[in-house]
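J.: The listed protein sequences correspond, in order, to chains Y and P.
Just so you know, we're using my numbering here: the first sequence kicks off at 1 and counts up by one.
Just so you know, we're using my numbering here: the second sequence kicks off at 114 and counts up by one.
Quick caveat, the hints were computed from the structure, so don't treat them as lab data.
These figures come from a predicted structure and were not determined experimentally.
Even glycine gets a Cβ: it sits at the ideal position worked out from N, Cα and C.
Each statement offered as a hint is correct.
With a straight-line Cα cutoff of 25 Å, these simulated PhoX-like cross-link-like pairs (lysine-lysine) come out: (1) Y/Lys52 / P/Lys209; (2) P/Lys209 / Y/Lys3; (3) Y/Lys3 / Y/Lys105; (4) Y/Lys52 / Y/Lys3; (5) Y/Lys52 / Y/Lys105; (6) Y/Lys105 / Y/Lys69.
A short, non-exhaustive set of chain P residues, derived as facing chain Y with CB atoms under 8 Å: (7) Leu159; (8) Ala216; (9) Gln220.
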Amino acid sequence: DAKTTQPPSMDCAEGRAANLPCNHSTISGNEYVYWYRQIHSQGPQYIIHGLKNNETNEMASLIITEDRKSSTLILPHATLRDTAVYYCIVRPRSGGSNYKLTFGKGTLLTVNP
Amino acid sequence: SQTIHQWPATLVQPVGSPLSLECTVEGTSNPNLYWYRQAAGRGLQLLFYSVGIGQISSEVPQNLSASRPQDRQFILSSKKLLLSDSGFYLCAWSVKGQLNTEAFFGQGTRLTVV
Numbered sequence: 001d002a003k004t005t006q007p008p009s010m011d012c013a014e015g016r017a018a019n020l021p022c023n024h025s026t027i028s029g030n031e032y033v034y035w036y037r038q039i040h041s042q043g044p045q046y047i048i049h050g051l052k053n054n055e056t057n058e059m060a061s062l063i064i065t066e067d068r069k070s071s072t073l074i075l076p077h078a079t080l081r082d083t084a085v086y087y088c089i090v091r092p093r094s095g096g097s098n099y100k101l102t103f104g105k106g107t108l109l110t111v112n113p
Numbered sequence: 114s115q116t117i118h119q120w121p122a123t124l125v126q127p128v129g130s131p132l133s134l135e136c137t138v139e140g141t142s143n144p145n146l147y148w149y150r151q152a153a154g155r156g157l158q159l160l161f162y163s164v165g166i167g168q169i170s171s172e173v174p175q176n177l178s179a180s181r182p183q184d185r186q187f188i189l190s191s192k193k194l195l196l197s198d199s200g201f202y203l204c205a206w207s208v209k210g211q212l213n214t215e216a217f218f219g220q221g222t223r224l225t226v227v
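The whole structure should be built from the sequences, with the hints applied where relevant.
T.: Structure below.
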């Protein structure tokens with residue numbers, strides 16, 4: 001039970017912004033939204049996470065709607081190396097020693113030249 | 114800096130043979146450790162996680178077992194492999210006790226049971 005819904009695939013032109021949507025309508029008030037990506041045959045890589053506010057780092061921006069039921073990961077200038085499966089994950093704020101990430105099937109983003 | 118090592122990168126094993134995959138973490142202490150499996154065309158499934166030496170939690174019933182003999186060592190084992198054990202196995206670690214922290218993954222072991 002991944003608690004998130006993502007489109008199975010998306011295409012993006014190189015150099016353009018890639019906007020990857022995620023629905024998490026059952027998210028609770030203390031749950032974070034995390035994004036990871038997995039390039040073919042490699043381990044997943046952390047991208048960004050957020051709780052309520054929009055977040056930005058050197059890799060991407062995360063836009064979370066006011067009701068927190070959906071979010072969008074933005075890669076501002078996609079490159080061919082950004083072709084990967086992108087996972088949106090809702091993670092409970094455990095506050096303890098456990099940390100479980102439940103992955104869904106994600107979105108396969110293909111960046112085209 | 115912290116690093117995670119997984120080996121071997123690829124493995125082909127006959128049905129019924131034993132399995133031992135090893136994962137070690139460097140540059141941190143007392144991490145949470147995890148084993149995930151990704152079957153062909155499917156998402157990542159959490160198999161085991163560990164919060165300390167000798168402490169293993171299993172997420173799904175299966176033909177595999179895990180052990181943590183040392184703080185930064187996590188081992189995935191099987192006494193007799195099944196065809197259905199084929200897949201991409203990933204080890205991961207995270208910092209214990211922080212409210213929001215990411216997990217760091219190894220490069221994985223691709224296991225083919227024949």
